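Protein chains: 2
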Amino acid sequence: MKEFKVFLREDEIPKQWYNIQADLPTPLQPPLHPGTRQPIGPQDLAPVFPMNLIEQEVNTKDRWIDIPQEVMEKLLIWRPTPLRRAYALEKVLGTPARIYYKDEGVSPPGSHKPNTAVAQAYYNKVFGIKRIATETGAGQWGSALSFACCLFGLECKVYMVRISYDQKPYRRLMMNTWGANCVPSPSKDTQAGRKILEAHPDSPGSLGIAISEAVEDAVTSKDTRYSLGSVLNHVLMHQTIIGLEAKKQLEKFGEKKVDIVTGCAGGGSNFSGLAFPFVLDKINGAKITIIPAEPTSCPTMTRAPFVYDFGDNVGMAPMVPMHSLGHSFIPAPIHAGGLRYHGMAPLVSQLINDGLLEPRAYNQLECYANAVLWARTEGFIPAPETSHAISVVVEEAKKAKEEGKQKVILLIWSGHGIMDLGGYESYFSGKLIDYPLPEEEMRKSLKDIEGWPKPKIMKMGKVVG
Amino acid sequence: MKEFKVFLREDEIPKQWYNIQADLPTPLQPPLHPGTRQPIGPQDLAPVFPMNLIEQEVNTKDRWIDIPQEVMEKLLIWRPTPLRRAYALEKVLGTPARIYYKDEGVSPPGSHKPNTAVAQAYYNKVFGIKRIATETGAGQWGSALSFACCLFGLECKVYMVRISYDQKPYRRLMMNTWGANCVPSPSKDTQAGRKILEAHPDSPGSLGIAISEAVEDAVTSKDTRYSLGSVLNHVLMHQTIIGLEAKKQLEKFGEKKVDIVTGCAGGGSNFSGLAFPFVLDKINGAKITIIPAEPTSCPTMTRAPFVYDFGDNVGMAPMVPMHSLGHSFIPAPIHAGGLRYHGMAPLVSQLINDGLLEPRAYNQLECYANAVLWARTEGFIPAPETSHAISVVVEEAKKAKEEGKQKVILLIWSGHGIMDLGGYESYFSGKLIDYPLPEEEMRKSLKDIEGWPKPKIMKMGKVVG
Chain A
1 MKEFKVFLRE DEIPKQWYNI QADLPTPLQP PLHPGTRQPI GPQDLAPVFP
51 MNLIEQEVNT KDRWIDIPQE VMEKLLIWRP TPLRRAYALE KVLGTPARIY
101 YKDEGVSPPG SHKPNTAVAQ AYYNKVFGIK RIATETGAGQ WGSALSFACC
151 LFGLECKVYM VRISYDQKPY RRLMMNTWGA NCVPSPSKDT QAGRKILEAH
201 PDSPGSLGIA ISEAVEDAVT SKDTRYSLGS VLNHVLMHQT IIGLEAKKQL
251 EKFGEKKVDI VTGCAGGGSN FSGLAFPFVL DKINGAKITI IPAEPTSCPT
301 MTRAPFVYDF GDNVGMAPMV PMHSLGHSFI PAPIHAGGLR YHGMAPLVSQ
351 LINDGLLEPR AYNQLECYAN AVLWARTEGF IPAPETSHAI SVVVEEAKKA
401 KEEGKQKVIL LIWSGHGIMD LGGYESYFSG KLIDYPLPEE EMRKSLKDIE
451 GWPKPKIMKM GKVVG
Chain B
1 MKEFKVFLRE DEIPKQWYNI QADLPTPLQP PLHPGTRQPI GPQDLAPVFP
51 MNLIEQEVNT KDRWIDIPQE VMEKLLIWRP TPLRRAYALE KVLGTPARIY
101 YKDEGVSPPG SHKPNTAVAQ AYYNKVFGIK RIATETGAGQ WGSALSFACC
151 LFGLECKVYM VRISYDQKPY RRLMMNTWGA NCVPSPSKDT QAGRKILEAH
201 PDSPGSLGIA ISEAVEDAVT SKDTRYSLGS VLNHVLMHQT IIGLEAKKQL
251 EKFGEKKVDI VTGCAGGGSN FSGLAFPFVL DKINGAKITI IPAEPTSCPT
301 MTRAPFVYDF GDNVGMAPMV PMHSLGHSFI PAPIHAGGLR YHGMAPLVSQ
351 LINDGLLEPR AYNQLECYAN AVLWARTEGF IPAPETSHAI SVVVEEAKKA
401 KEEGKQKVIL LIWSGHGIMD LGGYESYFSG KLIDYPLPEE EMRKSLKDIE
451 GWPKPKIMKM GKVVG
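Which chain is which? The protein sequence lines are A and B, in order. Take the first sequence: its position 277, counted from the start at 1, is 277 in my numbering, and no numbers get skipped. Take the second sequence: its position 218, counted from the start at 1, is 218 in my numbering, and no numbers get skipped.
Note that these hints are calculated values from the structure, not bench results. These numbers were taken from a predicted model, which means no experiment stands behind them. Any given hint might turn out to be false.
Since the list gives no way to pick out one identical chain from another, each pair is judged satisfied if it fits inside one copy or across any two copies.
[What the hints assert, rightly or not] Listed next, the in silico DSSO-like pairs over lysine-lysine satisfying Cα-Cα at most 30 Å (straight line): (1) Lys247 with Lys399; (2) Lys2 with Lys405; (3) Lys91 with Lys130; (4) Lys2 with Lys125; (5) Lys282 with Lys405; (6) Lys15 with Lys91; (7) Lys447 with Lys398; (8) Lys2 with Lys130; (9) Lys125 with Lys91; (10) Lys248 with Lys2.
Looking at chain A on its own, in the form it has when it is part of the complex (with noise of 0.2 Å):
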């Protein structure tokens, strides 16, 4: 009998995350403080995050890091995922490629983001804070830290953007359910949401003014700390348990090698929990193709500069090295909204300038059309987002077709659509479109930086530019 899924046993699960840093053919270069411009340390971040974090943060020396037992006890309640082979969509598609997907929709908030939720909660309350304050956009983030800290019993404050709190409900009454408070912002209860309820009672928010709300509250609220759901080292390395899980997987699949990896990337986290151990092998001389796929109206990895920029919109976040559109840029409003940010991690924003990731971009029409594809032939619905990681796979698989040649693809299928079955409605009336590139917003945003500290553009440890 054909298999169409492999789980690992519980005790099979990887015990310790892989940290790339330890492996960098390019370290990373310091962030800088956003006021001075001057490279900042650990101490400096210890007002928003809890040391024990900050310590993964900038470790550079371990390449593996044990995963403390209690939230082993936590990523239990749904991992290890499953992976599960693409047999009816290869059919329809006529390929010899075997296509696999880590399934990472399988979580209660049905993304990859609670595998890091679950960890920044318990260091935090392993470092003594009882509260964790967020901001969420459409609601992916902030339902998977609500998800985290209800199992440790921890306080949480979720910023939510207005209009998405108004607009989408579903993901605030999953928040509550796991007994979260979850406030539009502008809220009255920060000082920075209270300056702009002010000047305009109306406002719709945006993710810059929820952060400023959610790191004023980490720093001003007694036993309070902030957390963020992508783009920090720390953060991707908690995902790395996905890649890990899929090489045993793929291994019990018979495969003993993968040709073409591949997610999507908005900060990075889901992208580089599947590939960065991929990008060990590809380290030590593997054949690989690794590639994150980002939108066309995003394109940060495919068409951005690699610059020192601020984290968030506001410029209360360190400048960190990394493709950036410019903090001020103002995406087209897509469907896959965890796509829509500005930046890249500055691991993967490095990885790509070493040449060993190979991004693309895509149309929004495409991907969802790629999706209801995926929808009709493999059954799971999947997120605006993870749609993007799919179009690839059904380029490589054409290709494959075209080559005759029977390649191993290997996608993380970040999450469910099942919150957010709009965009499809949207695609189905016919109503949804493509935007054009966004050039005159680039210009735009890159004018904002322009003169501020560079970092060096470095390819395998060589400076480049």
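Could you slot chain B onto chain A? The hints should help.
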């Protein structure tokens, strides 16, 4: 390390369904024609269902029915489903009981429903049927059948109760994503629908009207049949893979016996799917308490008489012997829409008469309190229907604590609640209410069926009333 869940390998999945009709202590009494009120045979059902499914419906000889390979390949999209142990819930209840839950929420539509939808779509296809018509209330069944028809390349037409069509767009969008044609009922597509629209252009619809439309569509359209998601013998049989898997998984957990088996029951299909293999053990002498759970506001099993009544609300379906509140009974608008059916599957009804099942009823508020307790301990957010089974578990776990007994409790987690978060919102806002017992409504609706043919009341093969 503690084991949180046990998967089966795909080659360990049961290869046959369990047909409890071969083992019934009391055989079912025949269905009656809704017009003549005379016993009907397989041929009478031929315009509505394909003959291969009718043969399963009336099969009282074969205990085991092979699952066709083509059905198995579709079931393997999400099966075997995990059996999880609820450690966190046990801990918070301080119970010595060991609680296991069979998670049917992992299917693409999010419930146990596709177990039979996939089988029914296959048998229709094999019989030469090109198109299936059905009705749906809140949309669980409609989405499962849409999914199944998509996998087998059949057309699917779903008549969705108008008020749900308008108020619950997400389930409809799910159906569209799988390529089904979902229309609000009453519709202009059938005579029954047009007649109602003429008299009441703004009719909110009802399940009865939607059934009428779907059955009319099936019997008047070319190569079309009708499909039901619960109640019938073959539908319940397709669900028994749940209990057969669970038995193997309990063994892998090291459990040698189970004390309590429970599930919620609306029409009876998810409950039967888990319970029937354990009913066989009980018939053979095992000491197991088997508890179907229902809402107090639709107390079919705990309050209603055993009578002949229409399977539907309008008198088109055959009259079957079952516990029924009367086909005109309209239950209070509780959120567990799947438990608002006026009758109970004949198989479940007879097993209650035989004393093999011990039904219980729960109030809505208690169920939501237990659902929230579950979400905040086990992580996954249950469907409102599932919360009734959870209420049995909480009650029995507390009892085990009082008695100091290490009981083994098994429940079916019939589906996730992330598309039904509106009920949680009502609960948290304090707006959710308990309804009084429907004494007056029951009197009225039962009066409507006074003087009808009466089934014999039998217990373990002997007439007792």
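We went through each hint and held it up to the structure:
no.: 1; hint: Lys247 with Lys399; verdict: within (24 Å within a copy, 45 Å between copies)
no.: 2; hint: Lys2 with Lys405; verdict: within (21 Å within a copy, 44 Å between copies)
no.: 3; hint: Lys91 with Lys130; verdict: between (52 Å within a copy, 22 Å between copies)
no.: 4; hint: Lys2 with Lys125; verdict: between (45 Å within a copy, 22 Å between copies)
no.: 5; hint: Lys282 with Lys405; verdict: within (20 Å within a copy, 56 Å between copies)
no.: 6; hint: Lys15 with Lys91; verdict: between (36 Å within a copy, 25 Å between copies)
no.: 7; hint: Lys447 with Lys398; verdict: neither (40 Å within a copy, 65 Å between copies)
no.: 8; hint: Lys2 with Lys130; verdict: between (49 Å within a copy, 27 Å between copies)
no.: 9; hint: Lys125 with Lys91; verdict: between (48 Å within a copy, 20 Å between copies)
no.: 10; hint: Lys248 with Lys2; verdict: both (18 Å within a copy, 21 Å between copies)
Hint 7 from the list above is the single one not met by this structure.
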